[in-house]
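Engineer: Chain residues, written in single-letter form:
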Amino acid sequence: MRFAFNLGNAVQIFVFVAILGPIFLGLFQNVVSVFGQKAYLDIAGLSANPLHTLLSVPGLSTAVLTSLSTGILATVISLWLALIFCIIFLQKIVKSGKLAMITMLLSAPHVAVAIGLTFLIAPSGWVFRLIASISNFENPPDIFTINDPFGVSLIAGLVVKEVPFLIFVIIASITQIPVKSYLCEARALGYDLANCWIRIIIPQIWPLIRLPAFVVLAYSLANVEMAVVLGPTNPPVLSVLLMRMFLSPDVTLLAPASVGALLQILLVLFVFLVFYLLEVLFRFFGKIWLCIGNRSAIFGIIFPWTVQFSFCVMLLGCFSLFLSVVWSFSSHWRWPSVFPEALSFQTWIKLAPNLVLFLGDSILIASLTTLSAIIIAIAWFQTEKRDNAMDGKLLPFAICIPLFIPQIGFLFGLNSVFLKTGLSGSWFAVIWCHLLYVFPYVFIVMANPWRSLDPRISKSASALGVGPLKQLLFLKMPILIPSILAASAIGISVSIAQFLPTLFVGAGRISTLTTEVIALSYGSDRRILGVVATLQALVPWIAYAGAFFISRYIYNNRSGLVGISQ
Amino acid sequence: MSLILEEITISLKRGKKLIDGLSLSVAHGEIFTVMGPSGSGKSTLLDAVGGNLGKNFDLKGELTLNEQDLLLLPPEKRNIGLLYQDAILFPHLSVGENLAFGLKDKKQGRAKRRAEIDKALRQAGLDGFYDRDPATLSGGQRSRAALMRTLLSEPAALLLDEPFSKLDLDMRDEIRSFVFSSIYERNIPALMVTHDPSDAVAANGPSISIQVI
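Residue numbers (the numbering used here), protein chains in the order written: chain A, 5 to 570; chain B, 12 to 224.
What the hints contain is simulated information worked out from the structure, not anything from laboratory work.
Among the hints, a few may not be true.
[As the list claims (entries may be wrong)] Partial selection, computed: residues in chain B whose CB lies under 8 angstroms from chain A:
1) 85
2) 91
3) 99
4) 101
5) 103
6) 115
7) 116
8) 164
[Claimed, not checked] Computed beta-carbon distance windows for the label pairs:
9) 146(B) - 526(A): 55 to 65 angstroms
10) 211(A) - 180(B): 31 to 41 angstroms
11) 65(B) - 348(A): 25 to 35 angstroms
12) 299(A) - 77(B): 11 to 21 angstroms
13) 308(A) - 115(B): 25 to 35 angstroms
14) 26(B) - 336(A): 52 to 62 angstroms
15) 117(B) - 309(A): 28 to 38 angstroms
16) 117(B) - 316(A): 37 to 47 angstroms
17) 215(A) - 149(B): 27 to 37 angstroms
18) 316(A) - 26(B): 31 to 41 angstroms
Since the model is a prediction, treat every value here as computed from it, not as a measurement.
Every residue gets a Cβ at the ideal spot worked out from N, C-alpha and C, and that includes glycine.
Let's have the full structure, built from the sequences with the hints guiding it.
Structural biologist: Structure representation (structure tokens):
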């Protein structure tokens, strides 16, 4: 047998069991509970086919349709806006203010952005206050501007949050190909900039951004936390409908909800397939179109218009976050005042004792999760042998699988397994579930710097008689500290934003800022909501800023160290 | 006279001059050689003519091609072809599709366009290469394919940036005479920068040397 046992294989097997095991268990439990509960109900004489029960849930087809439409539209719009932004980004020097905007939105949890948006666009929100103050209507308009039945506000929220992420991904991919010389070459052949991008650059960067784009797609199709705050309410999107069924006191809804969870996964896989087929079609017809030699300037007209739009989207997002801050400090802010009538710390002070608890638990979970992710990643990079294709492409992809599987699809099943083993509601279980989402990002951020570390450093250390552990502690880790810092910041922001893992696996015994924000979002005092949302957005932002300033401090007199590239 | 540079001065924004008051004119079917060591601003000069000068440069002077003022035109409107030392073929397209990308859309119809491209491939000694992946071509084959793609876009002038310096010695002469004879044949002005004196000799046209300022 060629498969020899060694440390590297042991680490990899551990990672797969730790990351993919829970998903497999959760899915398996879903299937078991569908059949198991059916058998149980049969005996009790309450026979009902879970599938039939699910199909008879009012509004199911609407829920599926709005899930599909919001998810697909949000992804397509985000991709388009992010691409256009990057095209202009390369042409003009972008002011640092815009970069700060991107980072702020990138680090902010989805929920915080969603809450901010409700402050902005709700019928009694800031936009309508502004309109009311310059026109003369007295009451907030009686229209759906959030929770609208078509999910427009949900799409807006998703776009605001996903555009910065995609911009970040696209900029990273653009640096991998010689964009500038391709542009010179294609422009010399008579194509304007917009045409060059569409015909030459985008087809080349798409393979590099396909996976992150599918992560966005999976998230948009099946997320719970944004859909709860901004999405339609009756019926909601499928993921929220399933969450309600899972949490319902009526236990006969559990089996249908488990069927629904599998349906949600199939739905995402189906859309993946459709997108893949579309890509094949685009490739085929795109080539024919490229070979026609058409040089029309239509895109050159659309692009500058779109880029303004994507600036507006990001401005909107940042302003929403700012509104949360303002609400948290306002003591009186009645309709239709555009500015709060009085500012004070009173909400913060009143909430402080509770906040400290949630904040402490959130930070504890986030740090422990991130720390374990970093340790596991370092163990992986230390032991991996990169002589086969598996290590290069397939394994990193396997690690990212949690990002493609809807959380609602397996987490409740997983918690059932945890209940049986007594793990449910434990810190260990919650941290483990957060790890599924933190580890892929930590791994991706650390992979490049660790793998491309000059091997001569290690060789010369060995020649000086320094052993592998000492090399790791005193050479590699100090040299690669920027990548560790960047991974910490991203790990913390991902963990802070988790909702369903904490809700389901924490079994109500563990609360974080995120579970608290969502609990409060069902119509509570805006000042309280503002405080919690601000805090939730602040923690990741501090982590990002900290990583940035610490590594800049380290670089100050070490010019040979390579910075956090983005 | 067709490609005319008059008192061209290029300097870095709030910085030093790279080219100071350069004037030259290139006639149809003529290859004008600009010689100079690295750092003398040769490539910057070509960027200025082609319209690819970075925003951190200042450009003064006059630049016309067939009596048309070029300075305010974007690169795609200048109708000037480029040939770099790294012949750049777009990696997501086959060799033939690369040429089709260059071919003007005046030529309509699939069959007609395909025939035009096959003819160009034949001229370049790349017969039957339509479906080949550009990554599998040798350096010389890539140069010839890039030249044909540029020529199919019917440029009114050509810029050559050390076009032969990366080629193996034994094929340099062959590619060079292929490129030059294509230029003579189309009777367009060409501006070449190089640091290889044998390029200037082979071009058999006027030449100047520029120095690091």
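Engineer: Is 37 to 47 angstroms respected by the C-beta to C-beta distance linking residue 117(B) and residue 316(A)?
Structural biologist: 40 angstroms, holds
Engineer: Is the gap between the beta carbons of residue 146(B) and residue 526(A) within 55 to 65 angstroms?
Structural biologist: Given range 55 to 65 angstroms: holds, Cβ gap about 57 angstroms.
Engineer: Interface hint check: residue 103(B), Cβ to nearest Cβ on chain A, cutoff 8 angstroms. Holds or violated?
Structural biologist: 5 angstroms, holds
Engineer: Just tell me: holds or violated, for the beta carbon distance of residue 26(B) and residue 336(A) against 52 to 62 angstroms?
Structural biologist: Since residue 26(B) and residue 336(A) have Cβ atoms about 57 angstroms apart, the given range 52 to 62 angstroms holds.
Engineer: Given a cut of 8 angstroms on the nearest C-beta pair, is the interface hint for residue 101(B) held or broken against chain A?
Structural biologist: Nearest chain A Cβ about 6 angstroms off; hint holds.
Engineer: Falls inside 25 to 35 angstroms, the C-beta gap from residue 308(A) to residue 115(B)?
Structural biologist: Once the Cβ atoms are compared, 26 angstroms apart, the range 25 to 35 angstroms for residue 115(B) and residue 308(A) holds.
Engineer: May I ask you to test the interface hint for residue 85(B) with respect to chain A, counting a Cβ-Cβ separation under 8 angstroms as satisfied?
Structural biologist: 7 angstroms, holds
Engineer: Closer than 8 angstroms between Cβ atoms is the bar; does residue 115(B) clear it against chain A? Give me holds or violated.
Structural biologist: 6 angstroms, holds
Engineer: Next item in the hint list is residue 116(B). Is there a CB on chain A closer than 8 angstroms to its CB?
Structural biologist: 4 angstroms, holds
Engineer: In this structure, is the beta-carbon distance linking residue 65(B) and residue 348(A) contained in 25 to 35 angstroms?
Structural biologist: 52 angstroms, violated
Engineer: For the hint 31 to 41 angstroms, verify it against the beta carbon of residue 316(A) and that of residue 26(B).
Structural biologist: Since the Cβ atoms of residue 316(A) and residue 26(B) sit about 36 angstroms apart, the hinted range of 31 to 41 angstroms holds.
Engineer: Hint residue 99(B) vs chain A: min CB-CB distance below 8 angstroms?
Structural biologist: 5 angstroms, holds
Against the hints set out earlier in the document, a violation occurs for number 11 only.
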